[in-house]
Amino acid sequence: MSDADPPTLTDVTETPLPLSAVADLAERIETNVADVIVGNEAVVGHIVTALLARGHVLLEDVPGVGKTMLARSIARSVDCRFRRIQFTPDLLPTDVTGVNVFNEKSREFEFQPGPVFGNIVLGDEINRAPPKTQSALLEAMEERQVTADGDSHNLPDPFTVIATQNAVEPTRTYELPLAEFDRFMKKLELGYPDPDAEAVLLGRAVGTHPIESLESVTDRETLVRARETVATIRVEKPVRSYITRLAGYTREHAEIGVSPRGSIALLRAAQARAGLDGREYVIPDDVQTEAPVVLPHRIRTTGREDAKTVVSDALERIAVEPS
Amino acid sequence: MSTDTGRSAKTIELGVDGSVGSRTFRTLALGSIVVLTASYVSVLREVTRVVGGTELLLALVGAMFVLATIVARVVRPRTATALAIVAAVAGFAYYLEAAGTDIGVVSSVADEMVADTLTLATGLPLLQMIEAGVWTLAFAPAPVFLSWYLALRGRYALAVVPGTLALYFLVLTGDAETIVTLLGTLAAIGAVGFGELARRGGSVGQADLVAICFAIIVALSLSVTFVPGGPATPATAGGTDDGTLEGAIDAAPERSGIAGSVDLSPETRFIGTSEQPTYWRTGVYDRYTGSEWLRSGQESEFDGRLTPPPGEYETVEQTVRAESPLGTIPAAAQPLSLEGDPIEDATVSSHGQPHPESTIHDGGEYTVQSAVVDPPSDELETAGTDYPEEIEAHYLQQPESTSSAFERRTAEITADAETPYETAITVEQYLRESYEYSLEVDQPDGDVAEAFLLEMDEGYCVYFGTTMVQMLRSEDVPARYVTGYTSGEEIDDDTYVVRGLDAHAWVEVYFPGHGWVPFEPTPPGDRDDVHQDAIEEPDPDAFEPDDEPDEPTEDEPGAPEHVQNDSADDAGDDDVPESEETEPEPEPPADTDFDTEPDDEFPISIPRETVALGALFGLGLAAAIRRSGATGRARRRVGIYWHGRRSEPDQDVERAYRRLESLLARQYRPRRRGESPRRYLTALADSAPEDSLPHDPRLESVLEGYERAVYGGGVDRETAEKVIERVDELTRERLPVVGRR
Chain A
1 MSDADPPTLT DVTETPLPLS AVADLAERIE TNVADVIVGN EAVVGHIVTA LLARGHVLLE
61 DVPGVGKTML ARSIARSVDC RFRRIQFTPD LLPTDVTGVN VFNEKSREFE FQPGPVFGNI
121 VLGDEINRAP PKTQSALLEA MEERQVTADG DSHNLPDPFT VIATQNAVEP TRTYELPLAE
181 FDRFMKKLEL GYPDPDAEAV LLGRAVGTHP IESLESVTDR ETLVRARETV ATIRVEKPVR
241 SYITRLAGYT REHAEIGVSP RGSIALLRAA QARAGLDGRE YVIPDDVQTE APVVLPHRIR
301 TTGREDAKTV VSDALERIAV EPS
Chain F
1 MSTDTGRSAK TIELGVDGSV GSRTFRTLAL GSIVVLTASY VSVLREVTRV VGGTELLLAL
61 VGAMFVLATI VARVVRPRTA TALAIVAAVA GFAYYLEAAG TDIGVVSSVA DEMVADTLTL
121 ATGLPLLQMI EAGVWTLAFA PAPVFLSWYL ALRGRYALAV VPGTLALYFL VLTGDAETIV
181 TLLGTLAAIG AVGFGELARR GGSVGQADLV AICFAIIVAL SLSVTFVPGG PATPATAGGT
241 DDGTLEGAID AAPERSGIAG SVDLSPETRF IGTSEQPTYW RTGVYDRYTG SEWLRSGQES
301 EFDGRLTPPP GEYETVEQTV RAESPLGTIP AAAQPLSLEG DPIEDATVSS HGQPHPESTI
361 HDGGEYTVQS AVVDPPSDEL ETAGTDYPEE IEAHYLQQPE STSSAFERRT AEITADAETP
421 YETAITVEQY LRESYEYSLE VDQPDGDVAE AFLLEMDEGY CVYFGTTMVQ MLRSEDVPAR
481 YVTGYTSGEE IDDDTYVVRG LDAHAWVEVY FPGHGWVPFE PTPPGDRDDV HQDAIEEPDP
541 DAFEPDDEPD EPTEDEPGAP EHVQNDSADD AGDDDVPESE ETEPEPEPPA DTDFDTEPDD
601 EFPISIPRET VALGALFGLG LAAAIRRSGA TGRARRRVGI YWHGRRSEPD QDVERAYRRL
661 ESLLARQYRP RRRGESPRRY LTALADSAPE DSLPHDPRLE SVLEGYERAV YGGGVDRETA
721 EKVIERVDEL TRERLPVVGR R
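Protein chains in written order, with the working numbering: chain A, 1 to 323; chain F, 1 to 741.
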């Protein structure tokens with residue numbers, strides 16, 4: 001009862017976008033988002049690279065700093081299907097993935113796609129839902145398909161989840177297991193805006209909210225083609241070695257270090273970062289830019305050191321070129 | 001001492017960062033032990049070369065090596081040390097057995113050993129020992145065995161001990177030359193150093209330290225003379241100076257050197273009164289090394305009487321008054337008794353030649369009675385060859401190196417001689433007639449007697465005397481070399497003035513039933529001329545052609561060479577009554593010894609040592625420099641400004657970038673670990689003023705080229721050249737002095 005989509009995860013029929021167009025595309029999205037989101041250019045850039053690198057993003061921060069607004073702005077900038085799931089303690093897995101419904105007319109069960117079937121899915125306050133529901137989303141993120149009653153339903157392409165979670169009220173949330181954290185390419189924090197940015201923010205809050213007037217600057221197809229291009233960006237051996245050495249460092253200096261999945265994520269993110277610069281090869285700087293958001297949430301430390309310190313130490317101590 | 005087995009198993013072979021396996025160091029350490037062993041064995045070999053037994057010595061040393069190698073596998077160190085001590089004791093016991101009777105000074109065996117050793121350790125050269133060969137053979141095995149054994153067991157530091165002790169003992173005896181000592185010392189240090197490295201698994205970098213140690217030692221030894229030199233030069237006898245004939249002959253009481261060119265000193269030595277003119281003998285030598293004469297045996301105290309010759313003799317009484325400090329007791333051969341204050345504590349050699357304990361000062365006077373042996377020639381003809389054993393044992397010695405050519409030539413010359421006497425006369429005549437007299441000769445490198453007989457055509461008394469003795473010995477005629485003065489100038493009845501230039505050397509030959517009979521191989525006529533010149537022209541500036549040859553006049557009136565006169569028709573005593581000529585200036589300025597060319601030995605011996613030391617020193621210096629990292633810095637420094645040869649484009653670009661980075665590192669700071677090139681340049685640009693190097697747009701293109709080469713899959717030749725050019729520009733603009741545009 002599937003939609004008979006091609007079995008591949010990506011739509012290979014699309015021809016890759018020229019590299020310069022990728023950089024241009026990214027810039028347009030960033031500029032567009034900047035109309036709504038004041039400051040936080042780095043975070044916006046990270047989300048765009050994640051988008052290009054086929055990754056999912058977890059935004060974590062205190063409430064009210066614009067996590068949802070950011071996700072919505074990104075989604076609106078691309079002309080594609082945007083879905084939003086508000087996670088609550090009583091949300092059921094099928095509320096996310098969809099369910100088979102008996103069609104009286106055809107006398108058959110029909111799959112009713114859930115909100116996860118979107119190109120960009122906003123999972124708001126994901127840690128408020130019980131683990132079972134979280135898992136449903138995370139499985140979809142990993143598999144890029146949804147299974148209902150034994151039938152698999154492919155998710156659309158592109159498929160990117162931007163989830164948010166609150167860093168407060170830990171007693172009323174379900175902490176995501178580390179294994180599930182791993183599925184997010186990046187975990188980003190917005191932080192409070194600085195006074196100037198906040199002033200600008202307040203000015204915009206007068207009258208209609210700018211997001212309502214946000215136009216899309218690209219479409220689904222272009223995004224797919226851009227992803228195609230990014231995937232072909234060259235990663236030479238010195239860079240690969242650099243990534244493995246970074247990962248190795250975290251494994252030596254933390255209870256649980258970066259998994260190979262994490263290394264792959266870092267490599268892809270670095271590719272996208274190079275694409276953002278319109279460069280057809282990855283340089284260590286790309287890796288260094290991505291590592292602080294790609295790696296820490298995959299690391300569990302024992303003592304006082306937190307994961308971010310481990311990563312920054314790794315960047316400081318691991319030589320860029322193999323000696 | 002039993003912990004060393006399995007030590008090699010514990011050593012770690014490090015394979016990274018230029019470290020070297022312990023095997024290499026072990027080889028080096030063992031090599032050092034071999035060099036150390038070679039150093040003292042070479043000294044011993046020098047002894048056996050003179051007295052015989054080289055093959056035996058080398059065989060013994062080889063056997064010790066083999067034995068030690070075998071024993072090292074099966075015997076524990078304690079046992080081996082005991083073995084070595086037993087071997088040493090046995091060896092010395094054998095030596096004492098062989099030599100005990102000859103050394104009369106000591107009585108008990110223990111005393112004897114201690115006394116001998118002490119005497120040796122206080123500077124008695126080995127060759128002066130009567131049984132030097134036996135001593136050598138007794139001495140060698142223990143240290144060779146022990147050091148090799150211990151080295152094989154991995155106890156390098158301990159292994160060095162017996163070898164070093166042996167070497168330094170030889171230094172104390174004065175037999176080990178500076179260069180040998182130095183080599184031995186370095187080898188000892190090398191053995192310890194490399195041994196340690198082998199045990200601990202060191203690296204080449206640590207081996208540098210050993211080289212530095214070498215260099216330090218060489219430098220020290222060059223500046224402080226910390227390594228004891230060769231044989232110490234005792235005060236020369238009679239106030240003579242080096243460079244004079246007298247000084248060369250009487251360099252030391254127990255040895256008589258053979259020099260190159262010499263001068264003559266006209267200074268008056270002593271005034272002797274004698275009933276008849278005789279040669280004044282001051283020294284007797286029996287052992288010939290090829291380049292000098294030594295007196296074996298020890299001095300004994302003089303008890304007032306000496307053994308008279310076995311046959312008939314005529315007693316001559318002489319009185320000697322020293323005119324300048326005398327280190328000898330000139331007297332006609334063969335002195336029988338001595339009287340006088342200055343010589344109360346005189347000693348007498350085993351050859352019957354008295355020596356003063358201390359210098360006889362001006363005016364010191366003594367009387368001596370001598371037995372002058374002057375048998376008629378027919379009696380000598382029939383004296384036969386029934387030599388006492390002792391005479392044969394000591395007066396037929398020839399260096400092992402004596403060539404067959406020398407012996408052949410001697411045999412040819414003496415082919416017609418049937419008796420020892422005829423042989424002696426023939427040789428004497430041959431030398432007198434075939435060679436010219438000259439004080440200006442280059443000292444030959446090898447055996448002096450051989451060189452004189454076979455190659456040279458002129459020389460002076462030392463050469464004639466030496467050659468004659470060795471020729472006779474090769475014909476089995478016991479002979480010895482004696483030194484002293486000719487009769488001197490008769491200034492009054494029976495009163496003779498003897499000057500430094502009268503110094504002379506001649507020959508004594510042994511005849512059974514008669515004793516030692518003097519012979520005079522030096523041609524008489526020429527010497528007199530030379531001698532006269534020296535007296536008449538003591539002006540140092542004028543010496544050039546004439547003054548050279550002043551030595552003793554062989555033809556002197558009082559010449560002891562009766563023998564030759566009998567048989568030889570040549571102008572013996574009478575032909576040159578030099579007395580007239582000598583009169584003119586009896587007392588020329590005292591210090592007019594003219595040193596003509598003391599340079600002979602220097603150009604030969606010093607450069608070799610210098611080169612060796614220089615090489616060692618240079619090695620150490622290089623190691624030190626390398627260790628200090630100066631070479632690396634220099635290379636990097638130069639490398640900034642000069643790209644050098646091209647290779648692959650990618651590598652060229654990489655190298656060019658590194659040059660740029662070195663430049664920046666010197667000017668600003670080095671790139672940190674973990675800092676990417678781009679980040680580094682950005683950081684520099686952030687902190688540097690606007691128009692400085694980090695803001696130069698060319699940096700960006702170099703960086704891009706670099707990134708492309710390393711991360712972007714490579715660059716083409718053209719790009720590479722462009723990058724190199726940029727870097728060349730950038731670096732040269734910042735070249736300290738030159739190259740600025």
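To be clear, the hints were calculated from the coordinates, so they are not data collected in a lab.
Please note that the accuracy of each hint is not assured.
So the derived label-pair ranges between C-beta atoms look like this [to be verified]:
no.	chain 1	residue 1	chain 2	residue 2	range
1	F	Glu721	A	Glu215	47 to 55 Å
2	A	Ala167	F	Arg698	31 to 39 Å
3	A	Pro177	F	Arg673	31 to 39 Å
4	A	Ala231	F	Arg698	33 to 41 Å
5	A	Glu305	F	Asp686	27 to 35 Å
6	A	Ser312	F	Glu721	33 to 41 Å
To be clear about the criterion: a stretch of chain A counts as covered by chain F if any three or more of its residues have a C-beta under 8 Å from a C-beta of chain F, and this derived list gives those stretches [as the list claims (entries may be wrong)]:
no.	stretch
7	40-48
8	235-247
For each residue, glycine too, the CB sits at the ideal point set by N, CA and C.
The hint says 33 to 41 Å between Ala231 (chain A) and Arg698 (chain F); measuring C-beta to C-beta, is that right?
Taking Cβ atoms as reference, Ala231 (chain A) and Arg698 (chain F) lie about 34 Å apart, which means the hint holds.
Does the Cβ-Cβ separation between Glu721 (chain F) and Glu215 (chain A) fall within 47 to 55 Å?
Check passed, 49 Å falls within 47 to 55 Å.
Given the hint of 27 to 35 Å, is the C-beta distance from Glu305 (chain A) to Asp686 (chain F) inside that range or not?
With Cβ atoms ~29 Å apart, the hint holds.
Honestly, do Ser312 (chain A) and Glu721 (chain F) meet the 33 to 41 Å range at C-beta?
holds, 39 Å
Would you check chain F against the stretch 235-247 of chain A, counting CB to CB pairs closer than 8 Å, and say if three or more residues qualify?
holds (count 3)
Using a Cβ cutoff of 8 Å, are there at least 3 residues of the stretch 40-48 of chain A near chain F, or does the coverage claim fail?
With 0 residues in contact (Cβ-Cβ under 8 Å with chain F), the coverage given for the stretch 40-48 of chain A is violated.
Holds or violated: 31 to 39 Å for the Cβ distance of Pro177 (chain A) and Arg673 (chain F)?
With a Cβ separation near 35 Å, Pro177 (chain A) and Arg673 (chain F) satisfy 31 to 39 Å, so the hint holds.
Beta-carbon spacing of Ala167 (chain A) to Arg698 (chain F) - inside the hinted bounds 31 to 39 Å or not:
violated, 47 Å
Figure legend: structure checked against the earlier numbered hints; hints not met, in rising order: 2 and 7.
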